Amino acid sequence: MINERKVRLGDLKKGEKGSIVEVGNIYSSQELIKRLLQMGLLEGARVEVMHEAPFGGDPMAVKVRGSLIALRRSEADLIEVLVYE
Amino acid sequence: MSKLEPNILRVALVGNPNCGKTALFNALTGGRAKVGNYPGVTVERKEGSLVTLSGLKISILDLPGTYSLDVKTPDELITRDIVLGNQIDEKIPDILLAVVDATHLERSLGLVFELLTLGRPVLLVLNMMDLAKKNGLDLNFSILAHELGISVVPTVATRKEGMAELILKIENLSLQKNVSLPFSTSWKKPGLDEIRKRFSDVDRLLDLSTRHLTYSVAWTDRIDQVVLHPFWGTFLLLVVLVFIFQSIFTWAQIPMDLIKSGIIFFSNVVAIFIGEGPLKSLIVDGVIAGVGSVVIFLPQILLLFLFLLILEDSGYMSRAAFLMDRLMGKVGLNGRAVIPLLSSFACAVPGVMATRTIENRRDRFTTILIAPLMTCSARLPVYSLLIAAFIPNKVVFGPLRLQGLVMFSLYLAGIVSALCVAIILKSTILKGKKPILLMELPSYKWPSLRNICIGLIEKSQLFLKRAGTVILTVSVLLWFLASYPKAPAHSTVPPISYSYAGQIGKIIEPWIRPIGFNWKIGVALIPGFAAREVMIGSLATVYAVEDREHGVAELLGSKLAKDWSTATALSLLVWYVLACQCFSTLAVTRRETHSFRWPAFMLLYMTGLAYMGSYLTYHLSVKMGLG
Amino acid sequence: MNYQEEIAIGIVLLVLLRSISKFFREYLAAPLSIYLLKLGYVKWAIWVRKKTPPPSVCLNCK
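Chains as they are written, first to last, in numbering that gives the first Met the number 0: chain P, 0 to 84; chain H, 0 to 626; chain D, 0 to 61.
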């Protein structure tokens, strides 16, 4: 049985992966959403958490569309991910 | 200049960061570039040129890397404005070379689609084809070219492969369409949905033209298992930083000593040639000594830039920023500030120049402003002299001796004050929202030796040119101040007390007496402004110590020990930790911040800080009985 | 001794003049020309404007 759950990217740990369902909401900075999209973090893209920084696991590094992107967890919180285990 | 010649073909390189634009630029222009600044901003403008076999003159403009045209940071804005023809004093480029990293097509092609909407002539350059092919990229160029409607050229810029074809295609393109369109293109800010659509267009295109997409990230991932490991990664970073710091100190010593003996030899030759007199003094004591004190730092600066270029080129730099982001963020600094601050331990001048890697303006300026507080190597001679003369070599605990401890605490004081100032700056005048980190960690690649050499030559030329001319001017003028008016024939006082410099020293004496300084120290601080170590020579001059080959330091030391109290010496040490006794640092700060405001602020705040520190130290020491 | 002194002072003056003119060109010329324009002295404004330096440094360029 496939276990699915919706989480924010900022809550994921190293090694977890999923696909992006939603980027941003009405409360978030349009500028940040734009940059996230431009970097390839868009709906439908598959994302995997590759690394977490020392001293607290923030920022994090994820692989998406073939590139390794580093971002803070506060920035990653704008992205909702469907995780399959 | 290319801006004025009408028959030159203007080509601009546009692409993501880390796509090899610089390598392409070097391959096309042979590394020869005109470097400057765009008006009003600190963004660097790099232009080169080449002449084709058929005699067509082409100017190549290397634009700052960007992921899209819809951006906010100053260098990305420059790229957009130039591409649209909205930049002042810049003619719109005739042809755009869209440079793309062939191993990251999924992400890079977005920008290409954006450029195509502009209606300007575009050529697609697929760079790093060697890596792509090695990883099994199977791409049909003709389908790609057909779908996009433009020519496609595969290249390996670091090996200069594909250049001939590229230049040919550029020429063809210039003949085909009427490239000098006089009007600026229209461009609307894309909405979020348009960005999403653009990427689905990219996916569709890749489905059609590629049978196997690759990413050169396989070995990148493997390396990152160590490099980005929370423990081992940090450990490795520490090792790298210590290595850089250590080698700048030790490896640079030999060439530095060589340069030093060269300078001494040269001044002896000049002295013999010209003979005693003011001219010889001007040239030997003024010009050669002054400019020499700058040139002597060239090995350290070259070494530092060598490391910086290797780190940047290989892709490690952004990972260092990633690892240090949290820690540096606690003091309000950018992760990328680690390396410039560390290099300032050798010399603040290259440290300030190294802050170019920090894109955020506020973070960058904060780092520049605190860099001089890191105990630079030029302070060491002064520290050694004063500690040897005034601090007894008592044993504190086991192998620890008082002298070493004092030296260490001076270093520590520098670091602590730098961090404190950073916190203050970031919560007051350089206050701002924490900038978005969101950045790409590029795949690792072998740094290209060719690019590094070209980069080194460029940086050292800039350094020598700028710092050299400024120091030359200052040395000449200071020499004049210190030598005139001359002392009367039968005076017993050292001649410097009669000069303008001496007079200035006497004038400022009442201001510096509260911190324990006398007028002689005041005088010596003035030429010490040109370069920190020069202060020792000036002190020697003021105390009329004769300049024998060796032994000036010990002689001066014992003279000072008789004339000063320990409190004065401690006060001077603290002054040296905090004060801005370096004209070169101010000069390079002016260049990097492109205004007078910041170096003036640097001078003011550091002087204020130094005064407070010296005041406290002096009076505290007097209270403790050292006065 | 005398001729040496003359040459030395001469060099100092040259350096001083050069640094003053550089300072003028880089920082004062542009605002000065704008000010002259406001006052109506167009010809002088153009003359001053011609003295401002070009924006780039040439490294190895052809």
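By construction, these hints were calculated from the structure, which means they are not laboratory data.
Treat the numbers as computed from the prediction; the structure is a model and nothing was measured.
Quick reminder that beta carbons are idealized off the backbone N, C-alpha and C, glycines included.
A portion of the hints provided could be inaccurate.
As the list claims (entries may be wrong) - Here are some of the chain P residues that sit facing chain H, going by a computed Cβ distance under 8 angstroms: (1) R7; (2) G9; (3) G14; (4) S27; (5) L31; (6) L41; (7) H50; (8) E51; (9) G55; (10) Y83.
message = Hint P:E51 vs chain H: min CB-CB distance below 8 angstroms?
response = Holds. Min distance 7 angstroms.
ask   = With a cut-off of 8 angstroms, does the beta carbon of P:L41 approach a beta carbon of chain H closely enough for the hint to hold?
value = Holds - the Cβ of P:L41 comes within 8 angstroms of chain H, reaching about 6 angstroms at its closest.
inquiry  = Restraint: P:L31 near chain H, CB-CB cut 8 angstroms. Satisfied or not?
reply    = 6 angstroms, holds
ask   = Would the stated hint for P:Y83 survive a check requiring a Cβ distance to chain H of less than 8 angstroms?
value = 21 angstroms, violated
Hint check, P:H50 versus chain H [nearest Cβ-Cβ separation less than 8 angstroms] = Hint on P:H50: holds, closest Cβ of chain H at ~4 angstroms, below 8 angstroms.
query = Holds or violated: is there a CB of chain H closer than 8 angstroms to the CB of P:G9?
reply = Interface hint status for P:G9: violated (12 angstroms vs cutoff 8 angstroms).
task = Return the status of the interface hint for P:S27: holds when the least beta-carbon distance to chain H is below 8 angstroms, violated otherwise.
result = Since the shortest Cβ distance to chain H is 11 angstroms, the answer is violated.
inquiry  = Does P:G55 hold up as a contact with chain H if the rule is Cβ-Cβ below 8 angstroms?
reply    = Given a least distance of 6 angstroms, the restraint on P:G55 holds.
inquiry  = Just to be careful: measuring from the Cβ of P:R7 to every Cβ in chain H, is the smallest value less than 8 angstroms?
reply    = Not OK, violated: P:R7 not within 8 angstroms of chain H, min 15 angstroms.
query = Is the shortest C-beta separation between P:G14 and chain H less than 8 angstroms?
reply = P:G14 check fails; min Cβ-Cβ to chain H is 12 angstroms, beyond 8 angstroms.
Of the hints listed earlier, those the structure fails to meet are numbers 1, 2, 3, 4 and 10, in rising order.
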